[in-house]
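J.: Sequences are here, hints too, so could you generate the full structure?
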Amino acid sequence: MRLSRIAFLFCSIVGLTGLLIQPGMAAGHKKKMMKKMAPAALVSYKISDGPAITAINKSLTGKAGDKAAGEKTMVNKKKGNCIACHVITKLKAKAAKNPKKYSQMGLIAPPLDGAASRYTEGELRMLLVNAKVAFPDTIMPGFYRADNLTRVMGKFKGKTVISAQDVENILAFLVTLK
Amino acid sequence: MGRFIKMALAGLVASVLMSGAAMAAPDGKSAPIVNKGDHPLPEVWSGYKYSKVDTQATQDDEFENPANLWTEQGEALWSKKDGSEKKACQECHNDAKASMKGVATRYPVYYKPWKKLINLEQRINLCRTKFMKAKAYKWKSNELLGLTIYVAKQSNGMPQAIEVNAQNKPFWEKGKEHYYKRRGQLDMACAHCHEKYFGQKLRANTLTQGQNNGFPTYRLKWGKPGSIQRRFKGCNKQVRAKPYKMGSDEYVNLELYVRWRGNGLPNETPSVRP
Chain A
0 MRLSRIAFLF CSIVGLTGLL IQPGMAAGHK KKMMKKMAPA ALVSYKISDG
50 PAITAINKSL TGKAGDKAAG EKTMVNKKKG NCIACHVITK LKAKAAKNPK
100 KYSQMGLIAP PLDGAASRYT EGELRMLLVN AKVAFPDTIM PGFYRADNLT
150 RVMGKFKGKT VISAQDVENI LAFLVTLK
Chain B
0 MGRFIKMALA GLVASVLMSG AAMAAPDGKS APIVNKGDHP LPEVWSGYKY
50 SKVDTQATQD DEFENPANLW TEQGEALWSK KDGSEKKACQ ECHNDAKASM
100 KGVATRYPVY YKPWKKLINL EQRINLCRTK FMKAKAYKWK SNELLGLTIY
150 VAKQSNGMPQ AIEVNAQNKP FWEKGKEHYY KRRGQLDMAC AHCHEKYFGQ
200 KLRANTLTQG QNNGFPTYRL KWGKPGSIQR RFKGCNKQVR AKPYKMGSDE
250 YVNLELYVRW RGNGLPNETP SVRP
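Each protein sequence line maps, in turn, to chains A and B.
If you read the first sequence in numbering that gives the first Met the number 0, its first letter stands for residue 0, the second for the next number, and so on.
If you read the second sequence in numbering that gives the first Met the number 0, its first letter stands for residue 0, the second for the next number, and so on.
In case anyone wonders, no lab produced these hints; they're calculated from the structure.
Just so it is clear, CB atoms sit at the ideal spot from N, CA and C, and this is done for glycine as well.
Possibly wrong hints are sitting among the right ones.
[Said to hold, decoys possible] Cβ-to-Cβ under 7 angstroms is the rule here; a few derived chain B residues that face chain A:
no.	residue
1	Lys51
2	Leu185
3	Asp186
4	Met187
5	His191
6	Gly198
7	Leu201
8	Gln237
9	Ala240
10	Lys241
11	Lys244
12	Ser247
T.: Structural data, given as structure tokens:
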């Protein structure tokens with residue numbers, strides 16, 4: 000796969016260079032800028048090779064993930080919203096009991112069942128941070144990136160969809176899907 | 000079962016199926032418009048196909064369609080004199096049933112004085128300001144929605160018929176570029192949802208091909224009809240992208256491209272969608 004190679008190369012360079020810094024705020028709008036807090040820089044990470052795809056082997060935060068919190072983020076429509084596209088069979092009983100919170104699970108992506116048997120923890124972290132590194136044409140959003148995006152709506156500009164700790168929390172849940 | 004009977008049965012089933020397929024007109028609802036050659040969609044389907052049966056029934060029922068209030072208002076406006084010229088649409092165009100037939104299937108069109116495209120709503124407003132010397136209607140006004148529905152409805156049953164020619168090609172190209180461009184914090188293009196995954200479930204929504212053959216559409220979620228331009232804004236916002244203005248060049252170009260994608264689909268204004 001040539002495309003994924005190129006993506007891999009590009010990302011390794013980014014990874015090795017280290018910092019993924021928030022894009023600088025546009026000039027002008029000075030007043031607004033003063034009021035808003037300066038955006039925090041993203042946590043830097045290193046991309047390396049995994050057995051199946053590329054991986055980020057080191058925790059983004061160094062703090063253990065909380066899998067219950069991860070599950071909440073995964074079903075939250077404004078956060079991970081993973082079940083918009085993925086079925087997680089393990090959550091189906093809960094979904095039946097609480098259809099409002101879990102809504103209907105989407106069917107456009109592969110079920111997440113067994114994801115941890117197919118990928119290492121580091122690979123899953125990479126997929127969460129930016130799935131496009133492994134699957135260049137994917138519809139799956141990059142959840143922890145803020146660079147190279149087009150026409151992001153004002154209130155989301157320079158921000159990631161979820162936080163670095165959210166990534167670690169979701170990961171704590173994902174690794175249970177063996 | 001004897002082998003002979005089995006074979007005879009299979010033959011019968013096959014011929015029933017085949018005659019069924021032959022009977023269903025390619026209307027984009029029960030049978031697709033089939034494209035040959037260079038088109039991104041081998042089969043074109045109306046959003047109707049993916050609606051619940053009761054939503055389809057509401058659209059089909061001549062009296063129950065909730066957009067009727069607007070359609071009737073549009074019909075009344077057609078012959079209502081307005082503006083300092085004290086003219087009505089009717090005075091220039093006579094009976095809409097004849098003069099507006101097919102119009103919706105070929106809009107937006109290239110408009111020379113603007114050196115760019117003009118869509119149906121803009122055309123209606125241009126007639127108002129230019130010939131009636133009346134004020135342009137607002138995009139979300141009941142008046143503009145009503146008149147657009149009334150005009151577009153005259154094309155019902157006729158296939159979408161965008162012809163790409165020397166004049167509109169550059170705009171068609173821009174619309175196409177928009178369609179395939181990832182945007183927003185969620186970094187998705189129209190094509191991701193409406194070309195790659197139509198017919199599949201995105202959480203509780205069934206994705207359609209995002210066709211334009213039923214607009215202005217009555218959206219149950221909106222509780223009123225809305226233009227294709229409003230729909231584009233909504234789809235941009237869903238991926239956390241900054242939307243363009245209704246009637247912006249970007250969206251009018253996109254409207255041309257989207258209607259072209261649906262070429263062959265019978266018009267069905269006002270459609271009813273979830």
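J.: Would you mind marking each hint as holding or not holding in the structure?
T.: Going down the list of hints, with the structure as the test:
1. Lys51: violated (13 angstroms)
2. Leu185: Where the cut-off is 7 angstroms and the nearest Cβ of chain A is about 4 angstroms from B/Leu185, the hint holds.
3. Asp186: Holds, about 6 angstroms.
4. Met187: Because about 6 angstroms separates B/Met187 from the closest Cβ in chain A, which is inside the 7 angstroms limit, the hint holds.
5. His191: At 4 angstroms from the nearest chain A Cβ, B/His191 passes the 7 angstroms test, so the hint holds.
6. Gly198: Not OK, violated: B/Gly198 not within 7 angstroms of chain A, min 10 angstroms.
7. Leu201: Since chain A brings a Cβ to about 5 angstroms from B/Leu201, closer than 7 angstroms, the hint holds.
8. Gln237: violated (10 angstroms)
9. Ala240: This hint holds: B/Ala240 lies near chain A, its Cβ roughly 5 angstroms from the closest one there, short of 7 angstroms.
10. Lys241: holds (5 angstroms)
11. Lys244: Violated - the Cβ of B/Lys244 stays beyond 7 angstroms from chain A, reaching only about 13 angstroms at its closest.
12. Ser247: violated (12 angstroms)
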